[in-house]
Each structure stands twice: as structure tokens, then as C-alpha cells.
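Following the hints, complete the assembly by docking chain B onto the known chain A.
For the record, the sequence lines run as chains A and B. Residues 23 to 450 in the working numbering are what the first sequence spells out, letter by letter. Residues 23 to 450 in the working numbering are what the second sequence spells out, letter by letter.
The hints are simulated quantities; they were obtained by calculation from the structure and are not laboratory data. Errors might be hidden in some of the hints.
Identical copies go unnamed one by one, so any copy, or any two together, can satisfy a pair.
[To be verified] List time: in silico DSSO-like cross-link candidates among lysine-lysine, alpha-carbon distance up to 30 angstroms: (1) K137 <-> K53; (2) K360 <-> K147; (3) K53 <-> K360; (4) K147 <-> K53; (5) K147 <-> K63; (6) K63 <-> K173; (7) K173 <-> K78; (8) K200 <-> K430; (9) K173 <-> K53; (10) K439 <-> K108; (11) K423 <-> K383; (12) K430 <-> K360; (13) K53 <-> K279; (14) K173 <-> K147; (15) K89 <-> K137; (16) K175 <-> K53; (17) K175 <-> K78; (18) K147 <-> K89.
Protein chains: 2
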Amino acid sequence: MRRRVNVGVIGFGTIGAGVVRILLSRRSMLKQKTGLDIRLKYICDKDFSYDRGIGKVPQELQVKDWKKVVVDPEVDVVVELVGGTKIAGEIVLTALRQGKSVVTANKALLSERAKEILSIGIPGKNLFFEASVCGAIPVVKTIREALVTNKIKGLYGIVNGTCNYILSSMFESSLEFKVALEQAQHLGYAEKDPILDIEGIDSSHKISILSMLAFGKYVHPDKILTEGISRIELIDLLFAADMGYRVKLLAIAQEEKEGLDIRVHPALIPEEHMLSNISGVFNGLYLRTDTAGDMLLYGRGAGRFPTASAVVSDIVDAARERISGIAGREVELNFSPKVAEIESRYYIRFTVVDRPGVLAKISGILGKHCISISSVHQTERAKGRNNTVPLILLTHEASEKEMSQAIKEISELDVVKRTPVLIRIMDL
Amino acid sequence: MRRRVNVGVIGFGTIGAGVVRILLSRRSMLKQKTGLDIRLKYICDKDFSYDRGIGKVPQELQVKDWKKVVVDPEVDVVVELVGGTKIAGEIVLTALRQGKSVVTANKALLSERAKEILSIGIPGKNLFFEASVCGAIPVVKTIREALVTNKIKGLYGIVNGTCNYILSSMFESSLEFKVALEQAQHLGYAEKDPILDIEGIDSSHKISILSMLAFGKYVHPDKILTEGISRIELIDLLFAADMGYRVKLLAIAQEEKEGLDIRVHPALIPEEHMLSNISGVFNGLYLRTDTAGDMLLYGRGAGRFPTASAVVSDIVDAARERISGIAGREVELNFSPKVAEIESRYYIRFTVVDRPGVLAKISGILGKHCISISSVHQTERAKGRNNTVPLILLTHEASEKEMSQAIKEISELDVVKRTPVLIRIMDL
Chain A
23 MRRRVNVGVI
33 GFGTIGAGVV
43 RILLSRRSML
53 KQKTGLDIRL
63 KYICDKDFSY
73 DRGIGKVPQE
83 LQVKDWKKVV
93 VDPEVDVVVE
103 LVGGTKIAGE
113 IVLTALRQGK
123 SVVTANKALL
133 SERAKEILSI
143 GIPGKNLFFE
153 ASVCGAIPVV
163 KTIREALVTN
173 KIKGLYGIVN
183 GTCNYILSSM
193 FESSLEFKVA
203 LEQAQHLGYA
213 EKDPILDIEG
223 IDSSHKISIL
233 SMLAFGKYVH
243 PDKILTEGIS
253 RIELIDLLFA
263 ADMGYRVKLL
273 AIAQEEKEGL
283 DIRVHPALIP
293 EEHMLSNISG
303 VFNGLYLRTD
313 TAGDMLLYGR
323 GAGRFPTASA
333 VVSDIVDAAR
343 ERISGIAGRE
353 VELNFSPKVA
363 EIESRYYIRF
373 TVVDRPGVLA
383 KISGILGKHC
393 ISISSVHQTE
403 RAKGRNNTVP
413 LILLTHEASE
423 KEMSQAIKEI
433 SELDVVKRTP
443 VLIRIMDL
Chain B
23 MRRRVNVGVI
33 GFGTIGAGVV
43 RILLSRRSML
53 KQKTGLDIRL
63 KYICDKDFSY
73 DRGIGKVPQE
83 LQVKDWKKVV
93 VDPEVDVVVE
103 LVGGTKIAGE
113 IVLTALRQGK
123 SVVTANKALL
133 SERAKEILSI
143 GIPGKNLFFE
153 ASVCGAIPVV
163 KTIREALVTN
173 KIKGLYGIVN
183 GTCNYILSSM
193 FESSLEFKVA
203 LEQAQHLGYA
213 EKDPILDIEG
223 IDSSHKISIL
233 SMLAFGKYVH
243 PDKILTEGIS
253 RIELIDLLFA
263 ADMGYRVKLL
273 AIAQEEKEGL
283 DIRVHPALIP
293 EEHMLSNISG
303 VFNGLYLRTD
313 TAGDMLLYGR
323 GAGRFPTASA
333 VVSDIVDAAR
343 ERISGIAGRE
353 VELNFSPKVA
363 EIESRYYIRF
373 TVVDRPGVLA
383 KISGILGKHC
393 ISISSVHQTE
403 RAKGRNNTVP
413 LILLTHEASE
423 KEMSQAIKEI
433 SELDVVKRTP
443 VLIRIMDL
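If we strip away everything but chain A, and leave its shape as in the complex, we get:
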């Protein structure tokens, strides 16, 4: 039986260089541990002129045209680390059509072009993407292999390190959002243009992929209710803490009788829950299962080497599948699952004029929409301009539809200044 597997890495950026470094420096370690000789045959990039910080890379491995990699009959595994959804998509689809196994860390590509890619790529057979969600943390392997005999009931993930860093530093250092974001940018934890992260889009890509794996149900990211953290203020974190909660950006997917409940938004989580304790750039995925019970996987969700660690683990698995040629671990996919209506408890912060009768007006509108209030908090903690004060309401379970209608009506009241801040409560 052959033991040699040839790998072509396309995309020699931050992650690509990490993968190359590992494949070159740990070839014998991998051989000893896996019995496989994993040989890096190509490193492909348009530009080799700048230093990647991993020392010299053999000249003979370098190629500039990705087509050369995917058509070479010797290449077994193509590693796509280009990013984006266009050329990356072409690379992945061409490689699969050429009969290669593909490893990718590209969550945008997988979640946005899932139908095309999964028409020829079989997860766990010729398509591997551990690094696309939660970096080094083996969430894909755990769902597919360790939990093979489980029905998964719910996934609750802190899957974006940028947002978690910002929310953690707001809370721990009493910063407003803007300052924490600037600090994160300064430290390299947030991009110059941070929209994909802070508006929850990156998280929606990831929960789209996880839902596909866990439930066999695929929802395009555009169809996922997605709210980011840019409207959260320090005062919300403090009020939440007073009530025993932490605020986290959560990616959620749970199977309900009515359909799949899938969404991304900030949520109040009880402070004693394991997810509340995840701070800084770390990621965590909390899983509810019917056989194994509850589980949390926690670790580094990004960064050169943590992500490369997951990519190389995938390369090994791809190599093994390739050599053994046995059945893949398949997931039966539903590309148009029924999506459930959301019901939730809510934290709402209104900015209101400090005048009698305000609470009566607001609670009247909520009542009309069958939304019942579980607690009210009004303090002078932060008296604002124009004599406004924050008014915090916590509600019982309510329909999202009714809530957004009610919020619209309340926002039109004279006594209500600024758009209300609404955060869902997850009593995990």
C-alpha cells in the first residue's frame, strides 16, 4: 500500500505560510504518528517577493499558476487558502472535478456556495474544512465523528474572536464600543474595515456551516437573522451584569418542532454558564446532544498557527481517506429546511425623557402585543443629555414578530429618544 501523499498549498498568506512551515518542519513527526509521508509538492501564490516570516522556502516548490497544481496527476490533496469566494471557488471546484481531495479554511466560500461545492464535494470524503470554523478547535471532527451516534439538539457558539475581544474589553476595562474596537484594531484583532466581524456576518457564515454538519440543514447566510454588536453600549453590559448576565455575540442553531431556529445576535447569558466565562479572542462552541449530553469545545479561533494546526489535521484525514478509499462520513443535506419563527425573552433599553407616565405608555404598547414584562430597572446611573434616562425592561417569552412591531410603535413616542437597544436573553 502506498504511503506517500502529495499536497499542493494554494495561497501563501498568513495561514498558508503556517501550513507550509508545519509541513516542511514536521514531515517526519507526521510520518511517525500517522504512517503517512505527507509531501509538500507545491506552494502557489501570485507573489513570492515578500517575507512571510517562516524562513526560506525551497524555490522548486513555488508556482504562480494555481491551474498547474490542480491538474498535476501526482497531487492528491489541494489546500485552498486563497480566501474570497470567486477564484477560491474556481480552485475548489476544479480540484474536486480533477478528483483531488480539497482542504479549505474558507467559511465564506463554503457557506455562500454550498450547493455547488457539495454537489461534488463530500464532507469527510474528499472535502475537509475544520479550519473554517473556530480555528484550532475540532468542532467539525467532534460533530461528525465523536458525536456520530448523537442527535444534536442545539449549537451555541462564540465563533468570532474579534467581537468577543471587544465585548470582553468593554466590560473588563469599562470602555465604550468605539474605543474597544480601536484597541482591537491596534492589536491586530480587528480588521481596518471591521464590518464582516462586528456586524455578525462572519458568524453567520460559520453557523451556516455548522448547521449543515449538525442537522444536515443548509441555510444561506443571507437568510440567517444576523445582528452584530455595534449598537451595544457599556451601559448594557453593566445592566446585564447587575442582573446576573453577560453579553456575548452568539451564533445559534437549534432544531425546533416548527423548523430550524438559526440566528446570530448578541445575547444575555447567565453569568455562571461556561460560555459567559469565555473572554478575549477565544472561541467556544456549546453543544446540546441527546446521548452525550452537553459539551463545550473552547480554544483559539484564529491566528496563523492555531488555524494551520486544523488545516494540517485535515490534510492527514484527507490523506487517510484517499489511501483507504472507504466510505465517507456522509451527511444527507436538505437545502431548503423550514426555518422556525423566533421566540425569546428580551432585554430592552429605552432612552426616555424623565417624566411621569412614560412607563405606562411603553408597557401599554407591549401589552397590546401580548408581551409581558418580567422586570423593570430605572436608575440614575447615566442621566443623559436632554434630561433622558435609561429604562431597562426584561420580558417574558415573546414572539419576535410582535416584538419588532411593538418596538416600532414605541420608537415613535415623543418621550422615547434614540433607537431602543434590544438584546435577546438565552437562558442556557
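Relative to the frame of chain A, chain B by itself:
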């Protein structure tokens, strides 16, 4: 290529019944997910007379003689769930010699008879034991597969649910050890004879196995420094909390320049650390790695279905290896690694007579042994019989050898009543 894999389950107790239930009820789900037809051929036990709470089990599967299972040429995978180290050992060794793949949840067997078993069993090739450590949590799979390209630096585990339940309920409900133990026994979280759990022996079995996997270094449990929790009092948990720590029973293995540092003992852990937040019967393994960074795997470490979930995941992996016949994921084993001397910071609680000069005497002895004190706490919180008071010292890094010598000398002082309580501090 064949798809059918025949399984014999030996031991029809709590876990065995869970495994049988899953194999019978989820055969088609497993087939769909894995492409393999996993057929339960035998259930073996000496006694089928009592109800296992999983409904009726087909008569034709039941056998009483384990030898019938391991010699049947049709059987591919033997699942050993008998427990103990004698007959279980005979079963595992015979099955391996017969060319079967073996799945076991038996940590005592694996850790105590590792040399014999690993002389013919290759982890990940024909020997699978995910369920032996941390129940449902995929610690073995993660170390072996997800972290294949990592050098692991340290493992810090809460691997015994009984101890963690007791320490949690002591702290949360202000109970003394004895009361919390009785409560745990009442709830079925502790055995009638709880020695294996509360004295740390079960944890030493588990860290012996984890060290073998993570470092390729095997240490017999008898050679592992092992302390349990039976001497911990509520007052220790409260003092620790005052100083920002939680007390957990930790199983530790870390590679040091001087050798392998492997041990089990209660430890003070900073309260903000993820491990401090693990309460009740849950388990968690914290891993330090050189490539993936830090990671935590958390979940149910025991119980019928969580453990069965891991066993069935192993059965699937064993079946795949068997059919593919490709190289195992091997670990090169060192059966006599150098074991490092321990250095640590310490929390020490002395019970002393409330009289001037006591602190001077104690600190004099510590100084003679080059142990320097980082803080002293003496309160009237718990004035005891004979006018004694607790005196708490925290030390800087000190040698374990010097410390035990110093403690011996201090214990002989007139003013010191009762044996001092010593808990190591892990500044994770």
C-alpha cells in the same frame, strides 16, 4: 468493498446496556452517516435475569461465555465493558491475539496493564479507548487526530466527576466534606465505597492514559504522586475564594526539561480560569499545545449514555480502520520516562494555638528550607477547640522535597495541632 462489521459487546451493565441500546436503535442512522453496517452480533454477560431498563433484547444475541465471542471468526470488533483488570484483561488480550479490534472503557485495565496490552494493541489501529477518559468528551480523538501536528506541553484535567461534584457542592452550599460526600452517594454520583474516586486513584488511571497518548510516556499509576480530596475542609475553599482561587482536584501531566511532571492532587486555580468554572459532575481537560494554543474540552465524564456515545464512536472508528486496513495512528511509547521533581507554590493551613511567637517558629523552619512566604492570613473566622485558630500561608515556588521535610518538622511543634493541610497552587 465490504460494509458489514460484526460487533460483540461483553459486559451488559450500565454502559454495556447503553451501547446495546444505541447499536440496536440507531443502526440505520449509523449506516447513513458512515456508510457502514454495524451489526450487533453478541451481547455477553453471566446474568441476563435482571432488567437493564432498555427494553427487550433479542434472545439470539445473548451469550454467557465471552470466549464464544472472541473466537467467532465473524466478529470484527470486541467491546470490553466488564470492568476490573483480571477477566477484562484476559478478554482484551485474547481478542487482540485473535486478530479482533478492541474497544474498551476500562481505565484501570489500560493504565495498570499497559505494557502487556500495548505489546499487541495499537491505539487507533486495533485498540480504542475514548470512553476510558472523560466519558463523552473526545479527549483521545482530539489529542491523536485534531492535534496530530502539535507538541503538547501540558494537560490539566478535572477528570473525576465525583470529586468535582463534592468540591462544588461544599463550596456552593457551604457543606463539610462528609456531608457533601453523603449527598453525592445519595444522588448516585459517588460509590458506596468511594475510595477510588475521592483518593484520586481513578484520576491517576486517567492521567496515566492521557500522558501515554500526549507524550508517548507511560507511568504506572502506582508511580504517580496521588492525593485525594478527603482532607479538604470547607474553610480551605473559603480561604482560597478570599484570595481569588477555586479548589479543584487536578490531574496534571506536563513535559519539563527535567522530565515528565505527572501528578494528581487538589489545586488552587485562579477563579477566572475556565477550569474554575467547571462545576458539578462535569469533567474538563485543559490542553497547552505549541501550535494550536490552549484548548478546553468540557462535558459529561460519566453516565450510561454519555459513555456509550464515546464507545459507539470508537466502534465506528475501529470498523473504519478494519475495513481500510491503513496504517494506524501510532504513538512511540517510552515505558520508563524520567519523572521530574515537583516545584510548586503552596497553600498551607496550619491549626495553631493562639499564642504569640507561633508565626515566628513556623516561618523560621520554612526559611531554613529555603521556602519563602508570599502571604499570611490569620483570622478569627473559625476559632476551634483548645483555643486553636487557622493560620494560612501562601508560599513562593518551592521544592516539594524541602516542603515535605519542613511540614514534618513544623508538625512536631507543640503549638501546632492536627496535621497541616497543604494544597498546591497552579497559576494556570
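Structure-based check of each hint:
1. In the homo-oligomer, the alpha carbons of K137 and K53 lie at most 30 angstroms apart only across protomers (24 angstroms), although the nearest pairing inside one protomer, at 35 angstroms, exceeds that limit.
2. Taking the shortest alpha-carbon separations for K360 and K147, only the intra-copy value of 27 angstroms comes in at or below 30 angstroms, while the best inter-copy value is 41 angstroms.
3. In this homomeric assembly, K53 and K360 come within 30 angstroms of each other (Cα to Cα) only across copies, at 25 angstroms, whereas the closest approach inside a single copy is 46 angstroms.
4. Taking identical chains as interchangeable, the C-alpha atoms of K147 and K53 lie at most 30 angstroms apart whether they share a chain (21 angstroms) or sit on different chains (15 angstroms).
5. Within a single copy, K147 and K63 get their C-alpha atoms as close as 21 angstroms, and across copies as close as 28 angstroms, so both meet the 30 angstroms cut-off.
6. For the homomeric pair K63 and K173, the shortest alpha-carbon distance between copies (24 angstroms) is at most 30 angstroms, but the shortest distance inside one copy (40 angstroms) is not.
7. For a Cα distance limit of 30 angstroms, the shortest separation of K173 from K78 across copies, 23 angstroms, qualifies, whereas the shortest one inside one copy, 48 angstroms, does not.
8. In this assembly of identical chains, K200 and K430 lie within 30 angstroms of each other by CA distance solely inside one copy; the values are 26 angstroms within and 58 angstroms between copies.
9. Proximity of K173 to K53 under the C-alpha cut-off of 30 angstroms is restricted to the inter-copy arrangement: shortest distance 14 angstroms between copies versus 35 angstroms within a copy.
10. For a Cα distance limit of 30 angstroms, the shortest separation of K439 from K108 qualifies neither inside one copy, at 44 angstroms, nor across copies, at 75 angstroms.
11. When the C-alpha separation of K423 and K383 is checked against a cutoff of 30 angstroms, the pair qualifies only within one copy, where the shortest distance is 20 angstroms, while the shortest distance between copies is 72 angstroms.
12. Proximity of K430 and K360 under a CA criterion of 30 angstroms is satisfied intra-copy only: 27 angstroms inside one chain copy versus 69 angstroms between copies.
13. Within a single copy, K53 and K279 get their C-alpha atoms only as close as 48 angstroms, which misses the 30 angstroms cut-off; across copies the closest is 25 angstroms, which meets it.
14. For the identical chains of this complex, K173 and K147 are neighbours both inside a copy (21 angstroms) and across copies (27 angstroms), given an alpha-carbon limit of 30 angstroms.
15. In this homomeric assembly, K89 and K137 come within 30 angstroms of each other (Cα to Cα) only inside a single copy, at 23 angstroms, whereas the closest approach across copies is 51 angstroms.
16. Taking the closest pair of Cα atoms, K175 and K53 come within 30 angstroms of each other only across two copies (20 angstroms); inside a single copy the shortest separation is 38 angstroms, beyond that limit.
17. In this homomeric assembly, K175 and K78 come within 30 angstroms of each other (Cα to Cα) only across copies, at 27 angstroms, whereas the closest approach inside a single copy is 48 angstroms.
18. When the C-alpha separation of K147 and K89 is checked against a cutoff of 30 angstroms, the pair qualifies only within one copy, where the shortest distance is 22 angstroms, while the shortest distance between copies is 37 angstroms.
Figure legend: structure checked against the earlier numbered hints; the only hint not met is number 10.
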